[in-house]
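S.K.: Per my numbering, the sequence shown starts with residue 6, numbered consecutively.
No wet-lab data here; the hints were simulated from the structure.
A portion of the hints provided could be inaccurate.
[What the hints assert, rightly or not] Within a straight-line C-alpha distance of at most 25 Å, the following computed BS3-like cross-link-like pairs (lysine-lysine) qualify:
| id | residue 1 | residue 2 |
| --- | --- | --- |
| 1 | K97 | K85 |
| 2 | K160 | K144 |
| 3 | K160 | K187 |
| 4 | K50 | K160 |
| 5 | K85 | K52 |
| 6 | K97 | K50 |
| 7 | K160 | K100 |
| 8 | K100 | K152 |
| 9 | K50 | K182 |
| 10 | K100 | K121 |
| 11 | K144 | K50 |
| 12 | K80 | K144 |
| 13 | K152 | K182 |
| 14 | K82 | K144 |
| 15 | K144 | K85 |
| 16 | K187 | K50 |
| 17 | K144 | K121 |
| 18 | K103 | K144 |
| 19 | K152 | K97 |
| 20 | K187 | K121 |
| 21 | K182 | K160 |
| 22 | K182 | K97 |
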Amino acid sequence: MATETPYKDLTDEKVYHLNDIDQTRTYSYAHYLNWLFDERVELIKGKIFEMSPAPSRVHQEVFGTIFMAIGNFLKNKPCKIYGAPFDVRFPKESKADKDVYTVLQPDICVVCDLTKLDARGCIGAPDLVVEVLSPGNNKTELLHKYKIYQEFGVKEYWVVSQSDQTILIYTLDELGKFQPSKIFTLSEQVTSSVLPGFVLNLDDVFEA
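Using the sequences and the hints given, assemble the complete structure.
M.R.: This is the structure:
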């Protein structure tokens with residue numbers, strides 16, 4: 006049962022400073038919509054996780070290369086690609102804002118079931134999620150995201166390490182569990198079970 010929050014009205018109470026929020030409480034997407042402060046946050050099972058400040062130049066270059074490669078591949082195809090900031094809500098049962106307690110902003114996501122898209126983002130699991138790791142990412146946050154993506158049925162999850170220059174791909178099996186690939190590195194290529202025919206050269210991703 007979610008803990009009652011300090012806000013009297015989910016629709017009228019706007020919050021302009023992150024420090025005004027009691028981060029020990031549990032919050033829903035309805036609260037999240039009223040947060041107008043500059044900091045970017047995600048909700049994981051009702052708890053607030055602050056996101057890293059502006060990404061590094063290398064992060065943006067890695068992100069941009071992968072985004073453009075997938076985006077170009079998807080031209081004239083039914084799937085859509087989105088880059089952060091882009092809200093992905095993970096509802097347990099009810100899709101009502103007040104009942105959604107997990108909202109993530111993957112670096113890149115691909116959605117092939119377009120009925121999951123609305124004016125505010127995506128509600129339900131994308132088909133493909135790509136996360137480009139930053140030094141600010143902590144292990145607890147990464148473990149939470151791994152579990153959420155697996156639980157809600159993300160078909161393929163890429164973990165891209167800019168520091169190690171590697172890509173690890175988790176693919177959802179028929180039992181709903183992630184199975185890891187080998188660790189791909191420079192001079193190798195990755196493909197995608199979600200995007201048949203797509204090929205990405207790691208040398209292009211991590212070029213100096």
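S.K.: It remains to establish, for every hint, whether it holds in the given structure.
M.R.: Evaluated hints:
1. The hinted pair formed by K97 and K85 meets the criterion: a straight-line CA distance of about 23 Å does not exceed 25 Å.
2. Distance hint between K160 and K144 is fulfilled; the C-alpha atoms sit about 22 Å from each other, no more than 25 Å.
3. Note on K160 and K187: the hinted pairing holds, with a Cα-Cα distance of about 17 Å set against a maximum of 25 Å.
4. A threshold of 25 Å between alpha carbons decides the hint, and for K50 with K160 the separation of about 21 Å falls inside it, so the pair holds.
5. Annotation: proposed proximity of K85 to K52 is violated, straight-line Cα distance about 29 Å (limit 25 Å).
6. Of the pairs offered as hints, the one joining K97 and K50 holds, with about 10 Å between alpha carbons and a cut-off of 25 Å not exceeded.
7. Of the supplied pair hints, the one linking K160 and K100 holds, its CA atoms being roughly 21 Å apart against a limit of 25 Å.
8. Taken as a hint, the K100 and K152 pair is honoured in the structure, with Cα atoms around 20 Å apart against an allowance of 25 Å.
9. A distance of roughly 20 Å separates the Cα atoms of K50 and K182; the hinted pair therefore holds under the 25 Å criterion.
10. The hinted pair formed by K100 and K121 meets the criterion: a straight-line CA distance of about 11 Å does not exceed 25 Å.
11. A C-alpha spacing of about 17 Å is found between K144 and K50, which places the hinted pair at or below 25 Å, so the restraint holds.
12. Distance restraint check for K80 and K144: the Cα-Cα separation of roughly 35 Å exceeds the 25 Å cut-off, and the hinted pair is therefore not satisfied.
13. Pair hint K152 plus K182 holds up; C-alpha atoms about 10 Å apart against a cutoff of 25 Å.
14. For the proposed pair K82 and K144, the alpha carbon gap of about 35 Å is over 25 Å, so the pair is violated.
15. For the hint pairing K144 with K85, the CA-to-CA distance comes to about 29 Å; that exceeds 25 Å, so the pair is violated.
16. For a cut-off of 25 Å, the pair hint linking K187 to K50 is broken: about 30 Å separates their Cα positions.
17. Restraint check for K144 and K121: the C-alpha separation of about 29 Å exceeds 25 Å, so the hint is violated.
18. For the proposed pair K103 and K144, the alpha carbon gap of about 28 Å is over 25 Å, so the pair is violated.
19. A C-alpha spacing of about 14 Å is found between K152 and K97, which places the hinted pair at or below 25 Å, so the restraint holds.
20. The suggested pairing of K187 with K121 is violated, with an alpha-carbon distance near 31 Å, which exceeds 25 Å.
21. With a C-alpha separation of about 10 Å, the suggested pair K182 and K160 falls inside the 25 Å cut-off, and the hint holds.
22. Between K182 and K97 the alpha-carbon distance is near 18 Å, which keeps this suggested pair within the 25 Å criterion.
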